[in-house]
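Sequences and hints are given; from them, build the entire structure.
The numbering of the sequence shown is my numbering, which starts it at -11 and goes up by one.
Incorrect hints may have been included.
Calculated pairs, SDA-like style, for lysine to any residue (alpha carbon to alpha carbon, straight line, at most 20 Å) [stated by the list, open to error]: (1) Lys12 to Gln71; (2) Lys24 to Gln54; (3) Lys49 to Lys24; (4) Lys37 to Leu15; (5) Lys47 to Lys74; (6) Lys68 to Tyr13; (7) Lys37 to His55; (8) Lys28 to Gly16; (9) Lys68 to Thr31; (10) Lys36 to Gln71; (11) Lys24 to Lys60; (12) Lys28 to His55; (13) Lys37 to Arg6; (14) Lys7 to Arg48; (15) Lys28 to Met57; (16) Lys28 to Gln71; (17) Lys36 to Ser65; (18) Lys49 to Tyr13; (19) Lys28 to Lys60; (20) Lys37 to Leu73; (21) Lys36 to Met57; (22) Lys49 to Phe33; (23) Lys37 to Arg63; (24) Lys49 to Ser65; (25) Lys49 to Arg20; (26) Lys24 to Asp58; (27) Lys7 to Arg20; (28) Lys74 to Ser9; (29) Lys74 to Lys28; (30) Lys68 to Lys24; (31) Lys49 to Lys74; (32) Lys28 to Ser9; (33) Lys49 to Arg6; (34) Lys24 to Val72.
Pair by pair, the computed Cβ-Cβ distance ranges are [unchecked claim]: (35) Arg39 to Ser2: 34 to 42 Å; (36) Asp25 to Gly50: 27 to 35 Å; (37) Arg39 to Val70: 12 to 20 Å; (38) Trp11 to Gln54: 25 to 33 Å; (39) Arg63 to Leu10: 34 to 42 Å.
I should point out that these hints are in silico values taken from the structure, not numbers from a laboratory. Backbone N, C-alpha and C fix where the C-beta goes; we use that ideal spot for every residue, glycine too.
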Amino acid sequence: MKEVSANNSIEDLSRVFRKISLWKYALGIGFRTIAKDGTKTLTVFIEKKYRVEGVRYIKRKGYALQHMMDGKNNRISIHKRVQVLKET
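Structure (structure tokens):
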């Protein structure tokens, strides 16, 4: 299990990230807040390691739920991202 915490006083940013690895899979969960604009983000990603013709790859699927306060208005957005990376 991996945990990373950071606090940046310039943007008042705080972030917590945890990653759990099991065999060929990894699950990561992150939470980030920015006090300056009231943004809160929850991120979940799943990694899978595999081989094709002797070349190692990592496929990463990530999902993020973002909540923003814009004056009196609430904005909620959902993002999806898929990456295929060559392992070095």
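Quick rundown of the hints versus the structure:
no.: 1; hint: Lys12 to Gln71; verdict: holds, 16 Å
no.: 2; hint: Lys24 to Gln54; verdict: holds, 15 Å
no.: 3; hint: Lys49 to Lys24; verdict: violated, 29 Å
no.: 4; hint: Lys37 to Leu15; verdict: holds, 12 Å
no.: 5; hint: Lys47 to Lys74; verdict: holds, 9 Å
no.: 6; hint: Lys68 to Tyr13; verdict: holds, 19 Å
no.: 7; hint: Lys37 to His55; verdict: violated, 31 Å
no.: 8; hint: Lys28 to Gly16; verdict: holds, 17 Å
no.: 9; hint: Lys68 to Thr31; verdict: holds, 10 Å
no.: 10; hint: Lys36 to Gln71; verdict: holds, 11 Å
no.: 11; hint: Lys24 to Lys60; verdict: holds, 15 Å
no.: 12; hint: Lys28 to His55; verdict: holds, 5 Å
no.: 13; hint: Lys37 to Arg6; verdict: holds, 18 Å
no.: 14; hint: Lys7 to Arg48; verdict: holds, 13 Å
no.: 15; hint: Lys28 to Met57; verdict: holds, 9 Å
no.: 16; hint: Lys28 to Gln71; verdict: violated, 23 Å
no.: 17; hint: Lys36 to Ser65; verdict: violated, 26 Å
no.: 18; hint: Lys49 to Tyr13; verdict: holds, 11 Å
no.: 19; hint: Lys28 to Lys60; verdict: holds, 16 Å
no.: 20; hint: Lys37 to Leu73; verdict: holds, 10 Å
no.: 21; hint: Lys36 to Met57; verdict: violated, 35 Å
no.: 22; hint: Lys49 to Phe33; verdict: holds, 5 Å
no.: 23; hint: Lys37 to Arg63; verdict: violated, 35 Å
no.: 24; hint: Lys49 to Ser65; verdict: holds, 17 Å
no.: 25; hint: Lys49 to Arg20; verdict: holds, 18 Å
no.: 26; hint: Lys24 to Asp58; verdict: holds, 11 Å
no.: 27; hint: Lys7 to Arg20; verdict: holds, 15 Å
no.: 28; hint: Lys74 to Ser9; verdict: holds, 18 Å
no.: 29; hint: Lys74 to Lys28; verdict: violated, 31 Å
no.: 30; hint: Lys68 to Lys24; verdict: violated, 25 Å
no.: 31; hint: Lys49 to Lys74; verdict: holds, 15 Å
no.: 32; hint: Lys28 to Ser9; verdict: violated, 25 Å
no.: 33; hint: Lys49 to Arg6; verdict: holds, 16 Å
no.: 34; hint: Lys24 to Val72; verdict: violated, 33 Å
no.: 35; hint: Arg39 to Ser2: 34 to 42 Å; verdict: holds, 38 Å
no.: 36; hint: Asp25 to Gly50: 27 to 35 Å; verdict: violated, 22 Å
no.: 37; hint: Arg39 to Val70: 12 to 20 Å; verdict: holds, 19 Å
no.: 38; hint: Trp11 to Gln54: 25 to 33 Å; verdict: holds, 31 Å
no.: 39; hint: Arg63 to Leu10: 34 to 42 Å; verdict: holds, 35 Å
The earlier numbered hints that this structure contradicts are 3, 7, 16, 17, 21, 23, 29, 30, 32, 34, 36.
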